[in-house]
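**Q** What follows is the residue order along each chain.
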Amino acid sequence: MEQSSAREEILQKLKQAPAEPVGPRPVLPPLAELSMTQEELVKRFTERLVEETGVVYRVKSYEEAIEKLTEIAQAENLKKVMVSTDEVIGQLNLPAWGTKQGIKIMTPLDFVDRDSYKDAVFLEADAGITGADFAVAESGTLGIRHRKDQARLISLAPILHIAVVPIERLVPTYEKAIDQVFANKNSLPSQFVFITGPSMTGDIQGVLFKGMHGPRKLMVILIG
Amino acid sequence: MEPRTEKFKELVARELHNPLSQKFLKVMPPIQNMKRSIGLSTFPDIEAAQAYGAAIRQEAIARLPELLEHFEKNALANGAQVFWARDAQEANEYILKLAKERGVKYVTKGKSMVTEETGLNEVLSQNGIEPWETDLGEFIAQQLNLPPFHIVGPAINVPVEEVRDIFMAKANLKEPTLDPVELGYAARLFLRDKFHHVQMGITGVNMAVAETGTIINVENEGNIRYTKASPRTQVSVMSIEKVVPTMKDALHLIRLLCRNCTGQKLSAYVSMDSGPKKKDEIDGPEELFIVIVDNGRTKIYQDLKARQVLRCIRCAACLNICPVYGQIGGYAYGWAYSGPMGQVLNPLLLGLEKTQDLYRATTLCAACKSVCPAGIDHPSLFLYYRHKDVTVDPYFGGKARPAQEIRFFKAWAWAIKRPWLWNLGIKMARPFINKNAREGIIRQIKGSFADWFRQRDLPAMAENTFHERWKNLKKEA
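Respectively, the protein sequence lines represent chains A and B.
When you number the first sequence by my numbering, it's gap-free, plus one each residue, and the end is 224.
When you number the second sequence by my numbering, it's gap-free, plus one each residue, and the end is 1477.
Note that these hints are calculated values from the structure, not bench results.
Treat each hint with caution, since some may be false.
[Claimed, not checked] Restricting the straight-line Cα-Cα distance to at most 27 Å, the calculated cross-link-like pairs of lysine-lysine (DSSO-like) are:
#1 B:1174 with A:217
#2 B:1174 with A:176
#3 B:1105 with B:1248
#4 B:1194 with B:1174
#5 A:13 with B:1073
#6 B:1248 with A:43
#7 B:1305 with A:13
#8 B:1265 with A:217
#9 A:217 with B:1194
#10 B:1305 with A:176
#11 A:104 with A:217
#12 B:1248 with B:1278
#13 B:1248 with A:185
#14 B:1194 with A:15
#15 A:185 with B:1305
#16 B:1105 with A:176
[As the list claims (entries may be wrong)] Derived, one-sided and incomplete: chain A residues facing chain B with beta-carbon distance under 10 Å:
#17 15
#18 36
#19 51
#20 74
#21 102
#22 109
#23 126
#24 151
#25 174
#26 191
#27 197
#28 200
Glycine residues also receive a C-beta, built at the ideal position from the N, C-alpha and C atoms.
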């Protein structure tokens, strides 16, 4: 009863207030990215992500993507990784790769409950490997629709995040991603996230550094 | 946070002589302004982009009740729970109740201006629930019990020595260091454990999208993403004006927010929640509570001119460009909101009486207005508040000026409307005024106007007024 009255009171006060006309929206010129070719978009995506200290590897096929992963795993000395189970990662067959490389591959599905999964992703994983639903050229941004096969902490808790994105998923602007994700109001993802570079801060004396709470490094493998 | 806006002059005097604040103010705002310009240059037409942002915010505020209802309906359909709070106390009690019912010992908090306004941390700690601020700057400010120096970099002025000492004492820093990166890493490790085991997380909201019932957070560190991924319970607190009509509008505002704030094209993380996690998801909140807080805003909303302060998106561009902020920094404003945005907002939230100096400590240069992506006209609001203050507005209150001052200005207003009286007055006043001139400048004067001259100089009055010279010229001709 108390609650409905607070709601009513607030809305009532707002509705009683004098009305303010809403004018037509001014003209907004379209962003340059909207008229770019795919190669230009790849260039823009790469430049913008590199500005934020992200690393972009362009490969031709899933086979090459696996080769790149092997290189990264050796350079970063990866022993245990948490990987998502989305369709892009599924195509890479990482468990087989892990066995060959001597790397323990964990997925959220391996854990009996939330807490043991959290222990692993916080304390054990040297890296998180995920697919991404979008790569957005305008700011070198990844877009991820969180869901059963794309858990939130994999791209956040480990110190290294490696994202694998087929080039068909490269779009010029945020709107091109959001229009798809939010098209059907009945199937909205619980969370959608845009990721642009590693976690960062400048809160002590304005000194910028990466890896504040989330990954210190972000690597993107662009396939195609 | 207890407002100290009445101590403005005292705080200013202290901050003008605080070498640490001064050191930072020389460096930080110019760099931020430059980054902002570079960031904005990626728009095909900067003016058009800013104007479009202003139009979105104007429309959002004009349609506020309708958009809030629409947002609530969609948020509920997404499975979130919505609580409305008339004031700080109702919001804090509700959040405390949620925490107690779930038996949590601590919460992690993402940066939230509105919970600083409502003093949520104090209420939680008094009731035995530890609130951990997890944004690095907020974490430092919280440990040192300091108000925010800047709304985006709240502890950016705190010297590394002080950060080292407080981290040794309270954040498990083992080896003393003065390297900001190592200090940041120590905070990472300390707070990581909090994120790992947290059962309830509290965040603010940058935007609430009416058409989809989605709440959006914009951040760089990842602390908000943890706070929305690790715990089973998520509480997101928003003031009523955060709502925007559509996702498209939100995206444009986010572009503007990031560029105007840090010059980034996009901050590291922009996360958008439409309800709690689905059953088959392993992380994310099982329950999502959205707390919609009024706390004085419906009162502001009744005034068509004043309500434009509700358009603010908290980008801090106005702080970085402001010549007054550039001298005194954020502490002097005495509350969570500082700089021009605080100077237009605080007087309406705290009352014109308690914020006398805020709308007077301005050069009316309109630099704030020129950078604002929400189209707020700060200088005209300062004048509006001054008028309401001196006439003791029945709605917003105010404090009448001293009787002597009122009498003087009444007589002045009467006299300057009569040219003969003005001319006569000039002739009579000139010798008395010019008596104080040294090298053509009047720097001080004794008597009733002494205070006015404490901060101002006047050129001495000319030997002849314009009228007199005109007459003489005519005669010569």
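**Q** Give me the numbers of the hints this structure contradicts, sorted from smallest to largest.
**A** 2, 3, 10, 14, 15, 16, 18, 20, 21, 23
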